[in-house]
Amino acid sequence: MGYMKQVVTRYAPSPTGLMHIGQVRTALYSYLLAKQNNGKFILRLEDTDRARLVTGSAENIIDTLAWLGLNWDEGPSYQSTRKQIYQEHAQILLKQGKAFEKEGAIWFKMPTAGVTTWQEVIGDKQISIENSLQQDFVMIKSDGFPTYNFAVVIDDNLMGISHVVRGVEFISSTPKHIALYQAFGWELPIFVHLPLILGSDKSKLSKRHGAKPASDFREDGYLPQAILNYMALISWTPPEGKEILTIAEMIKDFSLSAIHINNPIFDVTKLDWMNGEYIRKMSDEELTEKLQQFLTDHPAKEKIGQVVPLIKERIKKLSDFVPLTDFLWEEPEYDLAIFEKIKVAQNNQLEVLKQILETLENLTKPWDAKSFEQQFRQLADKLGVKHADIFQLIRVAVSGQLVTPPLFESIQIIGEAKTVERIRLVIQRYPNFP
RNA sequence: GGCGCGUUCGUCUAGUGGCCUAGGACACUGGGUUUUCAUCCCAGGAAUCGCGGGUUCGACUCCCGCACGCGCUACCA
Numbered sequence: 015m016g017y018m019k020q021v022v023t024r025y026a027p028s029p030t031g032l033m034h035i036g037q038v039r040t041a042l043y044s045y046l047l048a049k050q051n052n053g054k055f056i057l058r059l060e061d062t063d064r065a066r067l068v069t070g071s072a073e074n075i076i077d078t079l080a081w082l083g084l085n086w087d088e089g090p091s092y093q094s095t096r097k098q099i100y101q102e103h104a105q106i107l108l109k110q111g112k113a114f115e116k117e118g119a120i121w122f123k124m125p126t127a128g129v130t131t132w133q134e135v136i137g138d139k140q141i142s143i144e145n146s147l148q149q150d151f152v153m154i155k156s157d158g159f160p161t162y163n164f165a166v167v168i169d170d171n172l173m174g175i176s177h178v179v180r181g182v183e184f185i186s187s188t189p190k191h192i193a194l195y196q197a198f199g200w201e202l203p204i205f206v207h208l209p210l211i212l213g214s215d216k217s218k219l220s221k222r223h224g225a226k227p228a229s230d231f232r233e234d235g236y237l238p239q240a241i242l243n244y245m246a247l248i249s250w251t252p253p254e255g256k257e258i259l260t261i262a263e264m265i266k267d268f269s270l271s272a273i274h275i276n277n278p279i280f281d282v283t284k285l286d287w288m289n290g291e292y293i294r295k296m297s298d299e300e301l302t303e304k305l306q307q308f309l310t311d312h313p314a315k316e317k318i319g320q321v322v323p324l325i326k327e328r329i330k331k332l333s334d335f336v337p338l339t340d341f342l343w344e345e346p347e348y349d350l351a352i353f354e355k356i357k358v359a360q361n362n363q364l365e366v367l368k369q370i371l372e373t374l375e376n377l378t379k380p381w382d383a384k385s386f387e388q389q390f391r392q393l394a395d396k397l398g399v400k401h402a403d404i405f406q407l408i409r410v411a412v413s414g415q416l417v418t419p420p421l422f423e424s425i426q427i428i429g430e431a432k433t434v435e436r437i438r439l440v441i442q443r444y445p446n447f448p
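Heads up: the first sequence is residues 15 to 448, going by this note's numbering.
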């Protein structure tokens, strides 16, 4: 009778900066693997390099993870508080003659005979590296803190980590880890080395590729579900190739063997599309709430709900809401160049505007969509102007923009009086806008 | 340099020897719906499967070599 060891995974970043968007994938896969197996997902901060520590980094990582909903079952633990434990383990190896001291540091005597071979989950193959290539390495630095290579093994073992999920860059140092496991007589975990996410020029993903910290995506108005969904798909294909899936579906369908082996390129365009999908999937109430939370200093928060149905299909990120709708509560800025983009009525726009104003003033109040449309169609016919063009001129006169939510609905939010006033002002200043 | 890993449309990918004259999604182009934009619907272009050798009746799929890319080569992680 075999038995299944409990699945325990961890996300173990070092707090040397803000949580990078690429790291979301690593955390997500670890999380999915744990949840799928009713296991445990641990958060561990590897803060052993005191020189590279960045203030606020740990908080940013914890915050981002929580925002994404990648809830950890244990931690966060900080390696800096576990110095004693590493020291004790170093002493064991020292006593066994498997380590030695030099220049205030404790070094591991790396075996240099034979070959280190292990089963790699990604790609389902064995990786072998000649031990003759290896060298002794530092376990405890002269400042008393452990190195990554040492602390990671001690902690992963002590915390019962079953699957070590991390980036490919650690493949090269895996023989060191394995040697350590063997020196202690510990059972090896399963190694899952995730491919590196690259930027558009195929170099390691960095800021100039638009791969900002995950928290920047949050500030840009991306939704956690969309980010998770996009990052999930960047190195994993669910069965049947489904593109949009909930966390629950990811947990259900996730599989290590379906993780890709090659380095993907991060593509914001697809993330944008996906974010738009999630925005459209939300109920109006939900979107309203999200926008109200997101737009902390919005001038007319109570009116957002009214606008949401008009813009839901027009925004891809929460931040898109602002440029699309600010003319509703703030006086627009006009630019003659915008008027010049309206093809028809180019020569006598001012005259047409005056007619529009007159029509508006004669429209029985409260204005209703049907007669509004009827009146202006008639006016367009009378002036020999295309229907679409007269509405576009009204749009620009009212909003200063070529693209807005539906015209009549926008006008209703602005109000009849203010609409008339805006058109009057445009006529007054035409064509010399400030 | 050494070692390791990789290579299918612009991008993410499907593909495990015949179902592939290579499928999907994003993006792009054209059309329809629409008073703008978007949404939605339809259509289209887009990969000689990095290159060259094998193996096989047959290779995107297996093997070898090469090229290119990426990673590691720290008292960083």
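Keep in mind that the hints are not guaranteed to be accurate.
Using 20 Å as the maximum straight-line C-alpha spacing, the simulated EDC-like pairs for lysine to aspartate or glutamate come out as follows [claimed, not checked]:
1. K304 to D77
2. K317 to E300
3. K326 to D403
4. K284 to E387
5. K368 to D340
6. K326 to D215
7. K226 to E73
8. K155 to E300
9. K317 to D334
10. K368 to E316
11. K315 to E387
12. K226 to D281
13. K355 to D403
14. K112 to E102
15. K266 to D281
16. K295 to D234
17. K400 to E387
18. K304 to D230
19. K331 to D215
20. K331 to D349
21. K256 to D286
The hints are simulated quantities; they were obtained by calculation from the structure and are not laboratory data.
Treat the numbers as computed from the prediction; the structure is a model and nothing was measured.
Satisfaction of hint between D286 and K256, Cα-Cα up to 20 Å: holds (18 Å)
Agreement of K284 and E387 with the hint, judged by alpha carbon distance not exceeding 20 Å: Cα-Cα ~38 Å, so violated.
Given hint E102 paired with K112 - CA-CA distance at most 20 Å: Roughly 14 Å separates the two Cα atoms, so the pair holds.
Hint consistency between K295 and D234 [alpha-carbon to alpha-carbon, up to 20 Å]: holds (19 Å)
Given pair status - D334, K317, alpha carbons within 20 Å: Measuring from Cα to Cα gives roughly 16 Å; hence the hint holds.
Agreement of K331 and D349 with the hint, judged by alpha carbon distance not exceeding 20 Å: violated (26 Å)
Holds or violated: K315 to E387, with C-alpha atoms at most 20 Å apart: Violated, at roughly 29 Å.
Satisfaction of hint between D403 and K326, Cα-Cα up to 20 Å: violated (25 Å)
20 Å Cα cutoff - pair K317, E300: Measuring from Cα to Cα gives roughly 14 Å; hence the hint holds.
Holds or violated: K368 to E316, with C-alpha atoms at most 20 Å apart: Judged against 20 Å, a Cα distance of about 34 Å means the pair is violated.
Pairwise hint evaluation, D340 against K368, where the allowed Cα distance is 20 Å at most: Roughly 25 Å separates the two Cα atoms, so the pair is violated.
K331 paired with D215 [C-alpha distance capped at 20 Å]: violated (25 Å)
Comparing the model with each numbered hint stated earlier shows that hints 3, 4, 5, 6, 8, 10, 11, 15, 19 and 20 do not hold.
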